[in-house]
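Student: The chain contents come next:
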Amino acid sequence: MKELTVATERREQLVDITSQVDSEVGSSGVTEGTCHVYTPHTTCGVTVNEGADPAVQHDLLQHLDELVPRSGVWQHAEGNSDSHIKSVLVGPSVTVPVVGGRLRLGRWQAVFLCEFDGPRQRSVWVQVA
Amino acid sequence: MKELTVATERREQLVDITSQVDSEVGSSGVTEGTCHVYTPHTTCGVTVNEGADPAVQHDLLQHLDELVPRSGVWQHAEGNSDSHIKSVLVGPSVTVPVVGGRLRLGRWQAVFLCEFDGPRQRSVWVQVA
Amino acid sequence: MKELTVATERREQLVDITSQVDSEVGSSGVTEGTCHVYTPHTTCGVTVNEGADPAVQHDLLQHLDELVPRSGVWQHAEGNSDSHIKSVLVGPSVTVPVVGGRLRLGRWQAVFLCEFDGPRQRSVWVQVA
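Protein chains in written order, with my numbering: chain A, 1 to 129; chain B, 1 to 129; chain C, 1 to 129.
These are computed hints drawn from the structure, not numbers from a lab. Remember, it's a predicted structure, so these values are computed and weren't measured experimentally. Check each hint, because a few of them may be wrong.
[Said to hold, decoys possible] Subject to a maximum C-alpha distance of 30 Å in a straight line, what follows is the list of computed BS3-like cross-link-like pairs (lysine-lysine):
| id | chain 1 | residue 1 | chain 2 | residue 2 |
| --- | --- | --- | --- | --- |
| 1 | C | Lys-2 | B | Lys-2 |
| 2 | B | Lys-2 | A | Lys-2 |
| 3 | C | Lys-2 | A | Lys-2 |
[Stated by the list, open to error] Anything over 10 Å on all C-beta distances counts as not near chain C; from chain B, calculated:
| id | residue |
| --- | --- |
| 4 | Ala-7 |
| 5 | Thr-8 |
| 6 | Val-15 |
| 7 | Asp-16 |
| 8 | Thr-34 |
| 9 | Thr-47 |
| 10 | Asp-53 |
| 11 | Gly-79 |
| 12 | Gly-106 |
| 13 | Arg-107 |
Glycine included, C-beta positions come from ideal geometry on N, C-alpha and C.
Here chain A stands alone, though its shape is the one from the complex (with noise of 0.2 Å):
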């Protein structure tokens, strides 16, 4: 297992990992397989989408708003519950297709940590098998 470090610049971002995840699987030497890309925080998450524009990520960013706003009766006292159901949604991991030593995404697609809690330092985990 792998570990990269991200640091995110706003309360929420996507950054594209892609390339980092990319050089962990050529390091690995498998040539077939799958890569699974995991964050051990509560307040984040990883996807797979649109790479190309990032008109996509911001309306991802402000639609997720909309669906679960800031601002809310939370029980949860420190005003990041939204980040928390956020990362639910989106969820922990994905796992990609590994062909030829290399990530295997369709050709629009890249690997995406979603900040929905920063800026912070975030790890990503990466196990290629």
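Chains B and C: place on chain A using the hints.
Tutor: Structure of chains B and C alone, referenced to chain A:
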């Protein structure tokens, strides 16, 4: 890795791909393990849920439309921001147990390709290990 | 594959199953790899999120109820369309790293069965590889 092709017929549709996936499991020769079902697109997803009553699929698609309406103040100019967002909420893949050389689903479960921007021809990648 | 049985006590409830899952990891003999935690039902899900403060679980369940109300104009006649939809949003399984023969979770993470149509007896399938 094997590739399935799924032709969808509407903008939003759930397509039951259980038998095609199970067929790939059968021909893989793997008797116990997992099957990873992944779509390389950014406006559709893959999930597991009830396959018996089509009304469940109807209610799911209708409610996702209410949560993420097609029309909105979107930055992304292609008119399918809702499709991207729904795809992130559903996720690009599922991992299903394999036992006795077959997919091991629950009694009411089926594997679905979730089309959110069709009709299109979609790819689904199946890996058994 | 090992099967856990979880008895839920309310219609909607998060049940922390970390110790049962970790116990299966320990008895599997696998020291480094992944653990796949899968539920074969269509009205509950599995997730990983904060296990320390029960208020997070409360806020998550309450907000999912707001996003997907139990009462609505549903075609599915069993009165649990909301449960199916929540299950799709949360997902039927998680994959968690295994290191040193134990589940390798983040400091605040726990594995939860997410009951959306209880109380019932639920199965959870655990695979370690």
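Student: So, for every hint listed, does it hold in this structure?
Tutor: Status of the hints after comparison with the structure:
| no. | hint | result |
| --- | --- | --- |
| 1 | C:Lys-2 <-> B:Lys-2 | holds (28 Å) |
| 2 | B:Lys-2 <-> A:Lys-2 | holds (28 Å) |
| 3 | C:Lys-2 <-> A:Lys-2 | holds (28 Å) |
| 4 | Ala-7 | holds (23 Å) |
| 5 | Thr-8 | holds (18 Å) |
| 6 | Val-15 | holds (15 Å) |
| 7 | Asp-16 | holds (13 Å) |
| 8 | Thr-34 | violated (6 Å) |
| 9 | Thr-47 | violated (5 Å) |
| 10 | Asp-53 | violated (6 Å) |
| 11 | Gly-79 | holds (24 Å) |
| 12 | Gly-106 | violated (3 Å) |
| 13 | Arg-107 | violated (7 Å) |
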